[in-house]
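Make one complex out of these two single chains by using the hints.
Each chain, letter by letter, is given below.
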Amino acid sequence: MADGDHLLSLRGVCKSFGGIQAVHSISFDVDAGESVGLVGPNGAGKTTLFNCVCGQLRPEEGDVVFDGTLLNGMPTYKRARLGIGRTYQKVEVFTDMSVRDHLMVAERARRGEGRLWRDLCNMSNPTADEKERVDATLELVGITQLADISVNALGLGNCRLVELARALAAEPKILLADEPSSGLDLRETEELAAVLRTVQRERGTAVLLVEHDLSMVAQVVDRAVVMDVGAMLAAGTFDEVMANPEVRNAYLGQVDAV
Amino acid sequence: MEQFFGFAFTGLPYGCTYALVAVCLVLTYQATGVFNFAFGAQAFASAFIFTWLTQYKNWSGFEAFLVSVVAMGPLVGYAFDRLLFRHIANSNTTAKMVCSLALLVGIPSLLPVIFGPQNLDATATILPFFNPNVVYFTLAGQPINGIDLSAVSVTVVVLVLLTILLRYTALGLQMRAAVESRRLVQLDGVDGNGVVAVAWIVSSFMASLAGVLFAPTFGAFTQDDYVTLTVVAIAAAAWALLRSLPIAAGMAVFIGVLTTVLQGYISPSSFFYATILPSLPFIFLVGALLFLPKMRELDASRDPLATIDPPPPPIAAASRAPTMNRIIRTLWWIVFAGFCVSMLTWIPDSWTTVFNNGLTYSIVLLSITLITGMAGQLSLCQATLAGVGAFTAAQLATHLGLNLLVGGLVGAALAAAVAVVLALLSLRLKGLGLALMTLAAALLFDATFFNETSITGGPQGISVQAKWLGTSAFFNFNGHAMFLLSLGVLIVVVFLVLLVRKGTVGRNLAAMRGSETATAGLGVNPSWQRIMVFALSGAVAGIGGLLHSLEQQVVSPTDWNADISLVLVVLVVTTSVTTVEGAIQAGIGFFVTEQVLTTVLPARIGGSSLTVVLFAFGALTYAAHPEGVLEYQKRRHTMRFERLFFAKEAEAEERKAARAISTSGANG
Ligand SMILES: Nc1ncnc2c1ncn2[C@@H]1O[C@H](COP(=O)(O)OP(=O)(O)OP(=O)(O)O)[C@@H](O)[C@H]1O
Ligand SMILES: [Mg+2]
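Line order of the protein sequences matches chains A and B. When the letters of the first sequence are read in order and numbered with the numbering used here, they come out as residues 1 to 258. When the letters of the second sequence are read in order and numbered with the numbering used here, they come out as residues 1001 to 1668.
Just chain B, same shape as in the assembly (with noise of 0.2 Å):
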């Protein structure tokens, strides 16, 4: 029994670090309706600045948290709200998530962009009375340190103040009415705005606070250690239906004890050690999400008032003048064939890789532009099914000698079995349900599948040999024959998304965005829609998952775990993810800028985390411009264009637009 006491009380100080954020994500869910993955982000954003303050600044403790949680908590918080969240909370949810997405991507990312990589080892505690290196008593045979002491008292304080703010002040009142709906508040004179900022202030200290009491009880940590703390949070605020602040808490706190009990009397050899326990989190949050009937109604609107909202405005009529259109065609294909010249000829080879990455990278993308663009859900598992894809691939070639093309088709085919299963998992969910139950299967799969060392070769991954694709290496295979074999692949995979979109299932996909209940009231099974597009999207990941890794000759798990789905939905989302050009822009974009930053900027900026920093924020005007912003920019300057040379005949397919709504009905 004491022994059993002993492995509780280790997990207490994560347990209340994962209460913080969960009690966070459910505040603002519940005050503002953005479900907010970048909580753990920002937790790590401020342990970062505290322990580089403390151990490079040789700051105190105390000074550092009054910089890193004090200030700069509250201030990103209002900065979110007044910048960001403020502007689109009447967007729908995808829009939401997408912005909250791009910060958890962005976040991180500017951190070494700003300080440089640093090697971050934490080891001071915030409050100057507790020392981390004193043993203060020993419970149950566990000596509890400052670290300890000060993570699990600090919470408590922290919730007990919270609760009162919430029970007992006006403030309190009005963010609890604001959950009901925050236009009926301000109907009442109340400041509905300012609630909604009190809610984003509030919650991201506490993320900040969890952030530097979490750290030290790793000592040297990295971002990873942060996705525990994210994943954590999450799921038990889906146990608490992101409804309830106690029951958010008391799950989290029993999930970190609960982690650290099976730990200490699991043997650390077994099975059961290496892959449930790291699982645990995501076994958590895939049981809410297949067992609380509650978590399908997640995205209906609970606002009394918001049918009231008026009806968006009408766009004008899409038009385009005739001649305008030819001009762009022609100018593309000309474009496209210098292009394809040019790659056969004079670019260098260290260009003809950027390239050919980008190209392979869009047929992965364009798996996005079904799911997302087409199909109206976030799939936060695209990289997860590209990497099945491929080590399918790679693991045939190594074991059986199965050529390389041959192996990738049954790669796509595992990919989209994969990929059927969470569609047939979560058939009841859609929205945030459907994105959180994909970021777990990714998650999972990066503990389990892709942490084995049997199937993945480890962190260094299996090496990709260009002879597995059969006679004589592919005809001498280079960059030329990669380019060639990519962009054919891509030209099919495109013709294939064109004729999704303007077929049956294209339409019928198109109608269930605009209204599901419609859709389905005409005799189009919804599910069935979806498990097929979802089918094709894990095929074409997977394809694409294959190919990338033959250009970058090896397969490794780090090119497709969890965060590289993040940043893929990040990318497309930035260009567009309605249009196949999107997808291509994207990865076509993202490795060509890539390229030119590290060319360009000192290595200490780190040309790539920037990339990431720049499409994630790209990323978060999607909610202003769903179209994506590259696209939206495409259209303004052909309009203005337009207008300059072709203002008659525009003017013209306007004006028969506009006659056709005016007369309509009058002959009926």
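Chain A on its own, in the form it takes in the complex (with noise of 0.2 Å):
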């Protein structure tokens, strides 16, 4: 089949640590637009998936293409210019820097920006161009109030929208949010939800979330994927992923024990 129809195909992506087959031959695709649920219990390799697809990790076996693109072996900052953007688990964000700044290093990075004579000639300014755009990420995440706040005054929460915003201001093709809304509360949440739902619809990005907060996963996507230690259990629509017995075992079981 020709890879150009899908925007991310995965095949049979497999990365171990040591004994543990963290990601064991995992395949699925995203389409352009599309939003797609990543869901499966703690240490299932979700996040080593995304690390595998970013470029953090160099899985042992498979294939990533991205938008026609073969990734093997392509560096992390060349995968991001292609428009891949994600979110971190454990929050990255940059200390010392407000939060204007981090929207602004996404901004300029994305078009490989970055040169030294520039900075050395004073040309290396934001444009009225580039602000507006950065405001309007910020706005559409809803954090304008915080703007020119240093991140380290921030806590979990603004700063899992701060990594949020900064993926979004690169605006990428696809976005991997790695359990956005874990330290925010029920409201944060929802509004969370509201604003990946916005992204999507407006923008046009893909979305590929892992979220353990089911009830915010329906809401987001269109399909799920359900993965249990390293391997790939079921895929298809929400619906009727959950109503596999075998994920209900797996993930469902685990949830209604807490």
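Watch out, some of these pointers could steer you wrong.
Below 30 Å or equal to it, Euclidean Cα-Cα: the simulated DSSO-like pairs (lysine-lysine) are [what the hints assert, rightly or not]: (1) 78(A) / 1294(B); (2) 131(A) / 78(A); (3) 1634(B) / 1656(B); (4) 1502(B) / 1634(B); (5) 173(A) / 78(A); (6) 90(A) / 1502(B); (7) 131(A) / 1502(B); (8) 173(A) / 131(A); (9) 1648(B) / 1634(B); (10) 1648(B) / 90(A); (11) 131(A) / 90(A); (12) 90(A) / 173(A); (13) 1502(B) / 78(A); (14) 1656(B) / 1502(B); (15) 90(A) / 78(A); (16) 1634(B) / 131(A).
In case anyone wonders, no lab produced these hints; they're calculated from the structure.
Take a look at the structure:
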């Protein structure tokens, strides 16, 4: 089949750490503008899979194809420029930097800018155009009033929103969000779900969402993929997947017990 | 064959002392996460006191050994742990490295301050039954005397005892467990801090012992001899991946023996003997850094409990009353204008020199602001880069009659090129790996290019003449002309640094300090950013180096060797490595302090040594005040001043920030 049909295709991706098969032969596709949930219990290998897609880890086997380009062996920054954005489960904010600067880094990086001579000639001030786009993204995520505050002063929930805004500022074709709602309260989670839906509908960004909060996943995604101990358990629409007895056993059984 | 063994046996005593220090490095790194650069300095300190006691106080070797090793070693180790490293156990690699570098710089400078300058000639051995002057037997044609015997036998005994301690005692088991996770050990009800303290005590004792065993193999010795000890130990520890004690010890002995074997076979007049042989330890170190992939992951935390550390407390949003800002800025300009006018009018020549030295040093220090302050990496070869710039310009002027300012640009370009090569070689390294690589580069330059008379004009250096500046010696070149020249260049460099900091590269580097993963994940190529800032830093150092040498009227290799590189880092870390004012305050502060102390204090104490000691003390606070202790005090005092006079205004600013944080997300 032609990979051009899909935005992101995983073909038999495997990754192990020593003896642990963290990701075992995972294959699925995400289409442009689609929203897919990636769910599974703790240690299922979701974050590891994200790392394989973004290039922080190199899978031992299998191919990752994005937008018609085979990504194997490509460094993280090049993948990002192709249009893969992500947020991190363990927040990775830039200490000591203001929220607006976080977005400026993304804004410039997307176009591969950052030449020293431009800085030395004082040609790197933010343009009106850039400022406008950054403000729009801040507005979208709802953190405009935090723009000039250093992230050091922010709590976990706000840091997650900053990460989301930063990823969106790079205007990715696909957004990989790793448990964006952990650390947020109920109201904030609902707002976050709304933001993700807006991003998908208005900007046409595909979303691959890892999330333990199933009600939020249900709100956001069109399809879901279920992983358990590295392997793919099921895939289909959210309701289909949740009706699958195997999935109930591996995942929901655990949730019921809690 | 007999000849081979003869050469090899001569190397054994050296190899044994190297092995002791290599084992110390691995042991403390494993147990505490601190790579203690200062073990070589501790070894030197013990040897210094040991020799001082035997040579000048007529103590017996054994008595001196009890004081300088048995008492002093563990005491110093315990003090390091209790007063310093325990408090920074969970801080980052840079903070730990800065502290141990400050000790490396501070300890050897402290000794002459306390004891006065001494000529040291060690002849005593620590054990009464080994006489240094008696040849006990000959082995493969080599006479083996008491010094050799005691070095080898004491090392073997100590290493065997250490093995028993680690393998067969409960304490050893805990120490090995602490390697995995200090906190895990504490959860098991073991006193983790106690285990770490023992590691410090044991390794400091061994370092002291190594120092005292090492000294008599030289006879007359200086601090420089201990650089070799340190570097061989570091190289051996690197080949052991800072993990395996036996490999570290074995590698150290191997390097020691290989050195004497090569020395034996190679003709002393050959190029190889003069250049490659002294660089052997650095070659081993660079080899380990380049070819052992595990050395790239040194800083990755292996502590399974690292993630349970509470996140750092949120820092109160920096607020400052606008009126206060205006006042500070105005005051600053008044001081600056006053300084310029004074420099050109009433300040006497002796003090013009001091300030000119300070200004030119500031330029070199700004190159550290770029690398350490902005890229967050520690480079230990900035003086070398400055030297490359200065020597290039001086050589071009001597041989081609090139104008010094043009030559300076060529020199800066060359220094930038050297920096880029270094950055390329260490693309995969950061933190400790990068620091070691740059240190190796600095020492390699010292042993090769800077040791070549045709390049550096020998130990006394090349005299730099003002006439090389061009037109009638730059209008009667004197202190005032030098002041204007250095001030002009300093201002240009300050502007460049500020532009880079607020530009794209500066922002990317700041982001990389926070999270390199996330920065790369946005599409920034981290290696490229780093290469660019290394190049700029090299160029700035090169220009600063030339100007400083011009002020000194001589470029000498001792002005720009590895020791100076370390001092430079210590200086700027004390004031502030993140701001341009920090570099300027460090440069001027260093020379002013030195001048004041040399004038005020009796010559015996040595004003320059004391200045270095003072700054080293300042650098020890880096972990607590990464913004620089001077910067910290400055902020504290302006805050207090602000609270006193502009309380309302500041409060309003603060409330505005707090309100923004508390209402965030409400209108998402
Ligand atoms: N760097 C690593 N080294 C060794 N093992 C790892 C590493 N990263 C992950 N693992 C292991 O791989 C498995 C999958 O981990 P991963 O973090 O991908 O799971 P996850 O699905 O994201 O779980 P969670 O919901 O808790 O985030 C786990 O067993 C984990 O212990
Ligand atoms: Mg995860």
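Going through the numbered hints above, which ones does this structure break? Give me the numbers in ascending order.
Hint check: 10 and 16 fail, others pass.
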